[in-house]
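4 protein chains.
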Amino acid sequence: MNDISHLAHVEILTNKFEESLDFFTRVYGLSESGRDATSVYLRAWDDYEFCTLKLTRSETTGVAHIAYRASSPEALERRIKVIEGMGCAEGWIDGDLSHGPAFQFRSPAGHLFEIYYETKRYQAEGAEKPALKNVAQRYHARGAAPRRIDHLNILAPVVEDIETFMTTALGSKVTEKIVLDDGRLAGCWFTVNNKTYDLACTCDFTGVPARFHHVTYATDQREDILRAADIFLENGVHIETGPHKHAVQGTFFLYVWEPAGNRVELANAGARLILDPDWEPVIWTESDRKKGQAWGLKTISSFHTHGTPPAPAPSDE
Amino acid sequence: MNDISHLAHVEILTNKFEESLDFFTRVYGLSESGRDATSVYLRAWDDYEFCTLKLTRSETTGVAHIAYRASSPEALERRIKVIEGMGCAEGWIDGDLSHGPAFQFRSPAGHLFEIYYETKRYQAEGAEKPALKNVAQRYHARGAAPRRIDHLNILAPVVEDIETFMTTALGSKVTEKIVLDDGRLAGCWFTVNNKTYDLACTCDFTGVPARFHHVTYATDQREDILRAADIFLENGVHIETGPHKHAVQGTFFLYVWEPAGNRVELANAGARLILDPDWEPVIWTESDRKKGQAWGLKTISSFHTHGTPPAPAPSDE
Amino acid sequence: MNDISHLAHVEILTNKFEESLDFFTRVYGLSESGRDATSVYLRAWDDYEFCTLKLTRSETTGVAHIAYRASSPEALERRIKVIEGMGCAEGWIDGDLSHGPAFQFRSPAGHLFEIYYETKRYQAEGAEKPALKNVAQRYHARGAAPRRIDHLNILAPVVEDIETFMTTALGSKVTEKIVLDDGRLAGCWFTVNNKTYDLACTCDFTGVPARFHHVTYATDQREDILRAADIFLENGVHIETGPHKHAVQGTFFLYVWEPAGNRVELANAGARLILDPDWEPVIWTESDRKKGQAWGLKTISSFHTHGTPPAPAPSDE
Amino acid sequence: MNDISHLAHVEILTNKFEESLDFFTRVYGLSESGRDATSVYLRAWDDYEFCTLKLTRSETTGVAHIAYRASSPEALERRIKVIEGMGCAEGWIDGDLSHGPAFQFRSPAGHLFEIYYETKRYQAEGAEKPALKNVAQRYHARGAAPRRIDHLNILAPVVEDIETFMTTALGSKVTEKIVLDDGRLAGCWFTVNNKTYDLACTCDFTGVPARFHHVTYATDQREDILRAADIFLENGVHIETGPHKHAVQGTFFLYVWEPAGNRVELANAGARLILDPDWEPVIWTESDRKKGQAWGLKTISSFHTHGTPPAPAPSDE
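Protein chains in written order, with the working numbering: chain R, -17 to 299; chain Z, -17 to 299; chain B, -17 to 299; chain X, -17 to 299.
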């Protein structure tokens, strides 16, 4: 088992708290586990932890921190040693409603990460108890109702720096990458386990540090995403692009903007997993990428400019 | 990373070789990678290895051997040491068309297992090259066309023995189990990675050693399984039960018998994975199991009796 | 255009009014259009009429009446003349919240039918207005959320009598039928338009008159039915049989019992329509039916006995 | 019943006969019923007639003729009287391998139409016999394998002329239309039965007469279309746009160009039918259409220019 078991949660900032919360619960279909002074703790119905999305009231948007769970206390210690050696450590925090002490550190692009082992599991009670005992919570069928958190996408001016950071700090493997004709990385996809990716980093041209591209939850079926498209349509949610199939990673996707502007995705990877212990990263060239998405859809231009918090002009926003 | 990366392949015996081969390639939708004097090497379109199902001409049916791939040469050595200490080692073999040297050993119920590290990767050529470079082979859309091997189910008179064997020899985790009211195990589900299971063992009451229950490939969507049901129907394949959803493990399933009688499944787990490093096995009781499958289908009686090779009467066969 | 355009609505009796209403609205996903002293008027989100299911408080269960809409006032008159000639006319009623004057008549098995032309169309207002102007109401995604009423199944001691009745009174076509070895009809499927059937009649062996087998709404996709199965499971709804595919008519189905015991189906016919003006009824023999449903599921025994209102013992209830 | 029962077949011209035939049979999944000197007669697996797409060797591309089947000999006579009164009659032809005598006439934009009653039904033989007796042919699962012909889209310089033509000659109903701000029709959708449309006409700005926009077959599920997208991708077929959901008519769609350039669609309407005998056409305005397709996809520009036969420049071709 790897030292780091899985992507655990993300803290998202919103300057339209009530609207964002309504979106994430009623339309997107997450459930509230608890709340404190500034945040509501959300999760999908089969996320085993208390929180996979911490929604926090703020004057801006974007990502506040990104958390991974270690596989054991010893594994956590091993990672902290490595991170301290990298010179990017921020130190321990006490944790919050959703987990125990966490060790924080910062990416070269300014994103705050944390790792922890002690977690709070979600305990379904009353009407939320599932009919089948092997899922975390009943399938509530509210809104898009994805099953679990899937991955994040962060923006960075130098993707190579994030590649070094993720593979060193977390021991992530690179599963796919986009290499421009001049040799620079335009995008890089990482995983700590058998999922094909749990974090992606794509290139930010705006100069704004620590920007966020999107958070994604996984649906069980592609049909759930087609159905969600109608739910978004009927609820006035801005659909940015999709449903369609990515060439990179082959996931079926749909991107929307929650009311405060943070990009949110639903995705389905089918039965695709990375099982090969010696998996070699798939390299996509500029020429490959000119073909657009898997079935020919051109990548929408806002995909290269819109992030949160928003960048000052020139941009499309 | 665990010492053992994943279930790799299974060798299935058939006394109706041509019919079985026609079923597995034309109807079930596997592809032939190669053949030798006694066997054809088959794989699903996104299996990265040369072979995940070795179909072997025989006078009987059932499973000849079960193979897992180690994550490194060192991990392989670690496992061999453990296995030698268990007293069930059979020793090295040279390998075959699909992989290098393998170390064999035997389960308490008589099933032959092997582990190896050196493998032969499938290299798509000519018309089999995929349009997208992150899959092993083009999606050929022939027959049921599952994506990859998923899991096996073996039969044993004492499931507890297999539980000890799997967790010790391979370091498998138990993810779910059925515990009878008298405390005995009726079934146990194992995994070496984030898949919810790669091998299941259920109780054999016939006294015949080393019997096989089924091999399963994973489809990307549940709709692929509904479509496959029509393909099986139109091709005169015996559909034993399904499509339906298992209570245990929650997979959507369809069981058929290939022409020689070996049971073959298609399954879809949706986005369900075991990510928690401290996952506690889910325990199903007799009372739970009396509810049948997830949506109430009664477990078909042949499920408790039919295995390969067939057992002498009394049985349903 | 035929004189009779389509099946319009059914009035269902319930002796557990509040529970039935909760089931039909929150779980099954119909919407309330209005209510009067004894009934709530329900419809699916794309039913164009004000009501397709009138749920009525009663001391028993079953069907109170079945309504078809005529294609014009003249067509209505033509049908009434025929029905009066048949000797089964009951005469005019004033209508109710959902439609204007209707002409009632009775089937040989005692079921009350009515036909009418003047209807009340559903007018979506406020939050119920759809994003797309070609559907009747927004897709609300509540519960199983089927699109429209599909068909009914009634029980009769002599199916041949219903065959004569339907084809004469409504001008229905027979699309499929089950003929027993002794020549008697065990089931008969009727349509007045391009749908493959809007009413089925199967044989009742209990001697209780005018019994009801089930009402069915159509979903857009089979996946909607698989998803609904989980919704029923999580809401404690009795799932009787399915999901599976019927041999007769080829529809994908799921049967449940609403709290008062009336059987309710969800079905999907795919793209199947009857377009041939000279369609010859498909005849299923006893031998055909012994194969069970399309993929081999045995027809559940309660399907032959359970109807509403319940029949006195001997029965399975 | 209407005088005209349904859209029956279309004759498509190709100047790349062998490639087009390979596309329609191996990739798109139609089957050959027969052939004569210049044409191959094709149909989908549940089309009841011998031919729904007649593929004809030619020096150009586009549509040669469009055929509807009348509901009876008398209905055919009634229609012919009307058409003769319109002054667009071309007179009788003998028919071909797929049907008996047909009466031909021409649309104001130059498209050749025909109506007939005497047809040749497809008779499945040998391996093509279906397992279930209520479908025309076994589900062969070859290529995209749609179920039946669905609709055509023709181009005309003055859509209003086609509206008059279709409603008069065939008695078609208009179900939806696009009305520009200046009052002109940009598109009009017609049906002769409960299908939401069987023919669409959109505006041709090129001045070339009798052009063809596309032919569409219906799949049972949306998932069939997603799967088909991968089949087209793997077979090098040009995917023009989709999969996505139309705002107009709400169908889930995918458009490709067969090797000779004729546009071909797969579509799924879910359970949507036009059942209301008094259905009022849905009117889409320029403002409505600026929102793009249902989930926001912009209508691809080639959709307004590409037709067959190709028009001389200026165009996108």
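Don't take each hint at face value.
Copies of the same chain look alike in the list, so a pair counts if it fits in one copy or across any two.
What the hints assert, rightly or not - List of simulated lysine-lysine pairs, BS3-like, C-alpha gap at most 25 Å:
no., residue 1, residue 2
1, K115, K102
2, K280, K102
3, K63, K155
4, K280, K155
5, K63, K111
6, K102, K272
7, K(-2), K115
8, K111, K280
9, K(-2), K280
10, K273, K63
11, K102, K273
12, K(-2), K272
13, K115, K63
14, K280, K115
15, K102, K(-2)
16, K272, K63
17, K(-2), K63
Because the hints were derived from the structure by calculation, they are not lab data.
Legend entry - Intra/inter-copy verdict for K(-2) and K115 if alpha-carbon distance must be at most 25 Å: neither (37 Å within a copy, 30 Å between copies)
Legend entry - Identical-chain pair category, K115 with K102, by Cα at 25 Å: Only inside one copy: K115 and K102 sit 18 Å apart there, 40 Å across copies, limit 25 Å.
Legend entry - Intra- versus inter-subunit Cα pairing at 25 Å for K280 with K115: The answer is between: 18 Å across copies meets 25 Å, while 43 Å in one copy does not.
Inset, instruction - Can you give me the call for K280 and K102, within, between, both or neither, at a CA distance of at most 25 Å? - result: neither (42 Å within a copy, 37 Å between copies)
Inset, instruction - Tell me, please, which holds for K272 and K63 at an alpha-carbon limit of 25 Å: within, between, both or neither? - result: Neither: 42 Å inside a chain and 51 Å across chains, both beyond 25 Å.
Legend entry - 25 Å Cα threshold - placement of K272 relative to K102: Intra 45 Å, inter 32 Å, cutoff 25 Å: neither.
Legend entry - Up to 25 Å CA-CA - K63 versus K115, copy category: For K115 and K63, neither the intra-copy (38 Å) nor the inter-copy (37 Å) Cα distance is at most 25 Å.
Legend entry - Same-copy or cross-copy closeness of K280 to K155 [CA-CA at most 25 Å]: neither (28 Å within a copy, 37 Å between copies)
Legend entry - 25 Å Cα threshold - placement of K(-2) relative to K102: neither (28 Å within a copy, 42 Å between copies)
Inset, instruction - Pop the pair K63 and K111 into one bin, within, between, both or neither, using alpha-carbon distances up to 25 Å. - result: neither (40 Å within a copy, 44 Å between copies)
Inset, instruction - Can you give me the call for K(-2) and K272, within, between, both or neither, at a CA distance of at most 25 Å? - result: The answer is neither: 36 Å in one copy and 28 Å across copies each exceed 25 Å.
Inset, instruction - Go through the copies and call it for K63 and K155: within, between, both or neither, with a Cα cutoff of 25 Å. - result: within (19 Å within a copy, 28 Å between copies)
In summary, the numbered hints that this structure violates are 2, 4, 5, 6, 7, 9, 10, 11, 12, 13, 15, 16, 17.
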